[in-house]
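Chemist: Sequence lines, in order, name chains A and B. Take the first sequence: its letters are residues 1 to 174, numbered as in UniProt numbering. Take the second sequence: its letters are residues 1 to 174, numbered as in UniProt numbering.
In case anyone wonders, no lab produced these hints; they're calculated from the structure. Check each hint, because a few of them may be wrong.
As a list, the in silico SDA-like pairs of lysine to any residue whose alpha-carbon atoms are at most 25 Å apart [to be verified]:
| # | chain 1 | residue 1 | chain 2 | residue 2 |
| --- | --- | --- | --- | --- |
| 1 | A | 76 | B | 146 |
| 2 | B | 76 | B | 51 |
| 3 | B | 76 | A | 110 |
| 4 | A | 76 | A | 59 |
| 5 | B | 76 | B | 91 |
| 6 | A | 76 | B | 113 |
| 7 | A | 76 | A | 61 |
| 8 | A | 76 | B | 149 |
| 9 | B | 76 | B | 93 |
| 10 | B | 76 | B | 27 |
| 11 | A | 76 | A | 63 |
| 12 | A | 76 | A | 43 |
| 13 | B | 76 | A | 149 |
| 14 | B | 76 | B | 113 |
| 15 | A | 76 | A | 30 |
| 16 | A | 76 | A | 92 |
| 17 | B | 76 | A | 113 |
| 18 | B | 76 | B | 110 |
| 19 | A | 76 | A | 55 |
| 20 | B | 76 | A | 146 |
| 21 | A | 76 | A | 52 |
| 22 | A | 76 | A | 66 |
| 23 | A | 76 | A | 49 |
| 24 | A | 76 | B | 110 |
Beta-carbon label-pair distances, calculated as ranges [what the hints assert, rightly or not]:
| # | chain 1 | residue 1 | chain 2 | residue 2 | range |
| --- | --- | --- | --- | --- | --- |
| 25 | B | 67 | A | 78 | 28 to 34 Å |
| 26 | B | 67 | A | 144 | 25 to 31 Å |
| 27 | A | 31 | B | 147 | 27 to 33 Å |
| 28 | A | 144 | B | 47 | 31 to 37 Å |
| 29 | A | 70 | B | 67 | 27 to 33 Å |
| 30 | B | 47 | A | 129 | 20 to 26 Å |
| 31 | B | 143 | A | 62 | 36 to 42 Å |
Residues on chain A that point at chain B, a partial pick, calculated with CB under 10 Å [to be verified]:
| # | residue |
| --- | --- |
| 32 | 20 |
| 33 | 63 |
| 34 | 67 |
| 35 | 110 |
| 36 | 114 |
Every value quoted in this text rests on a predicted model; they were computed, and no experiment measured them. We put the CB at the ideal spot given by N, CA and C, even for glycine.
2 protein chains.
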Amino acid sequence: MCKPWVMAADIDFLPRGACSIAASLELVGERWSLLVIREVAWGNHRFSDIVRGTGAPRDRLAARLSALVAAGVLEKRPYSDSPPRSGYHLTAAGRDLLPVLQALLQWGDRWARDEPAVRLSHAPGGTAEHPIDAEWVCRTCGRPVMESRVSRELTPAGRALAGLPITEEHAHEH
Amino acid sequence: MCKPWVMAADIDFLPRGACSIAASLELVGERWSLLVIREVAWGNHRFSDIVRGTGAPRDRLAARLSALVAAGVLEKRPYSDSPPRSGYHLTAAGRDLLPVLQALLQWGDRWARDEPAVRLSHAPGGTAEHPIDAEWVCRTCGRPVMESRVSRELTPAGRALAGLPITEEHAHEH
DNA sequence: CTCCCTCGGTTCGATTATCCAACCAACGAG
DNA sequence: CTCGTTGGTTGGATAATCGAACCGAGGGAG
């Protein structure tokens with residue numbers, strides 16, 4: 001029995017950059033980026049709030065913020081006309097990063113410290129409030145992803161990125 | 001109505017380092033680290049395999065590998081006696097990072113490129129193989145986490161990290 | 001009007017990390 | 001003995017990061 005998530009695939013090595021993990025890290029993998037997203041998600045929208053919440057140097061923070069705006073993860077929204085000031089808010093793409101933060105939070109709670117320092121709770125649909133202990137579940141079959149064998153396959157788009165030939169053989173193989 | 005994951009909490013600013021997200025990034029947030037985990041998870045255990053798979057410079061890779069071993073995320077396991085060679089494998093902590101990779105993969109598929117380059121499939125419990133489209137679901141109530149309001153609260157351990165007083169008031173408040 | 005404060009950044013110089021090519025040691029094959 | 005493979009190190013150039021100081025537009029108090 002093979003470990004979950006470790007399985008032979010139709011390829012040995014992904015071409016560099018073909019993997020969406022690498023593509024994501026290209027956009028949000030630099031230092032402070034994810035902590036900035038966390039601060040904004042937690043309601044700290046102003047420059048000085050984010051400085052205080054992350055502890056990042058101001059110049060790095062300014063650089064990250066404009067990079068994240070350029071990447072479409074954050075947007076600048078004015079909150080005062082005089083003096084003209086604006087804060088940062090999550091776009092749809094930014095909100096979609098929250099699972100990444102949730103995953104990092106859960107991992108850190110478990111492996112990076114003795115006791116969690118922050119507890120997250122929710123009360124979905126009127127149920128009683130309770131702490132969150134989340135797992136990845138496949139929307140298609142409803143089963144936890146991490147407990148099953150996973151296989152990976154290079155798509156035609158991936159082959160194109162890789163500069164590999166897109167053959168009938170590959171288009172049909174499984 | 002407040003956006004999910006954006007909600008008032010009992011604290012305005014988390015002390016730096018109190019948050020497990022920051023603690024996680026401290027261990028695996030540096031460049032190449034998560035790509036190394038990806039390679040190892042995908043079955044590339046040897047130094048030269050990981051060089052090829054990630055494209056990282058050899059010296060950076062050596063540094064990351066020993067850091068990840070020191071952090072308890074990877075372990076070195078010999079695969080040949082003569083010549084004495086060893087490869088890198090995921091520990092339990094390392095396998096627990098896979099949700100982070102899954103989250104980054106899904107985000108990248110959606111926001112960082114036109115078409116996914118790699119398709120992940122699984123066939124849990126003898127069902128037919130199908131692509132993975134996963135979401136975070138609370139183990140307690142079975143509901144998707146991202147669709148409900150989430151509140152955060154500093155635990156006593158978090159207060160201690162923050163240097164804040166641990167009062168009865170705070171221990172009981174909600 | 002003047003002085004001082006806040007906010008959202010920039011600028012500067014020093015430190016640190018990263019990159020890349022070359023090198024090295026251990027071993028096996030031929 | 002030489003060659004190729006593997007798993008790294010080393011050295012020097014380049015780029016990112018840091019921390020503190022600075023700046024400019026605008027209040028508000030006096």
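Chemist: Please go over all the hints and tell whether each is borne out by the structure.
Modeler: Hints and how they fare:
1. A:76 - B:146: holds, 23 Å
2. B:76 - B:51: holds, 16 Å
3. B:76 - A:110: holds, 22 Å
4. A:76 - A:59: Holds. Residue 76 of chain A to residue 59 of chain A sits at ~17 Å (cutoff 25 Å).
5. B:76 - B:91: holds, 10 Å
6. A:76 - B:113: It holds: about 23 Å lies between the C-alpha atoms, which stays within 25 Å.
7. A:76 - A:61: holds, 14 Å
8. A:76 - B:149: holds, 24 Å
9. B:76 - B:93: At roughly 14 Å apart (the allowed maximum being 25 Å), residue 93 of chain B and residue 76 of chain B satisfy the hint.
10. B:76 - B:27: holds, 17 Å
11. A:76 - A:63: It holds: about 14 Å lies between the C-alpha atoms, which stays within 25 Å.
12. A:76 - A:43: At roughly 14 Å apart (the allowed maximum being 25 Å), residue 43 of chain A and residue 76 of chain A satisfy the hint.
13. B:76 - A:149: holds, 24 Å
14. B:76 - B:113: violated, 34 Å
15. A:76 - A:30: holds, 20 Å
16. A:76 - A:92: holds, 13 Å
17. B:76 - A:113: holds, 23 Å
18. B:76 - B:110: The hint is violated at about 35 Å.
19. A:76 - A:55: holds, 21 Å
20. B:76 - A:146: This hinted pair holds, its Cα atoms lying about 23 Å apart.
21. A:76 - A:52: Holds, at roughly 19 Å.
22. A:76 - A:66: holds, 9 Å
23. A:76 - A:49: holds, 15 Å
24. A:76 - B:110: It holds: about 22 Å lies between the C-alpha atoms, which stays within 25 Å.
25. B:67 - A:78: 28 to 34 Å: violated, 42 Å
26. B:67 - A:144: 25 to 31 Å: Hint holds: Cβ distance 30 Å, inside 25 to 31 Å.
27. A:31 - B:147: 27 to 33 Å: Between residue 31 of chain A and residue 147 of chain B, where Cβ atoms are some 31 Å apart, the hint holds.
28. A:144 - B:47: 31 to 37 Å: holds, 32 Å
29. A:70 - B:67: 27 to 33 Å: holds, 30 Å
30. B:47 - A:129: 20 to 26 Å: violated, 48 Å
31. B:143 - A:62: 36 to 42 Å: Given range 36 to 42 Å: holds, Cβ gap about 39 Å.
32. 20: Status holds, d = 3 Å.
33. 63: violated, 16 Å
34. 67: Hint violated; residue 67 of chain A Cβ to chain B Cβ min 14 Å, cut 10 Å.
35. 110: holds, 6 Å
36. 114: holds, 7 Å
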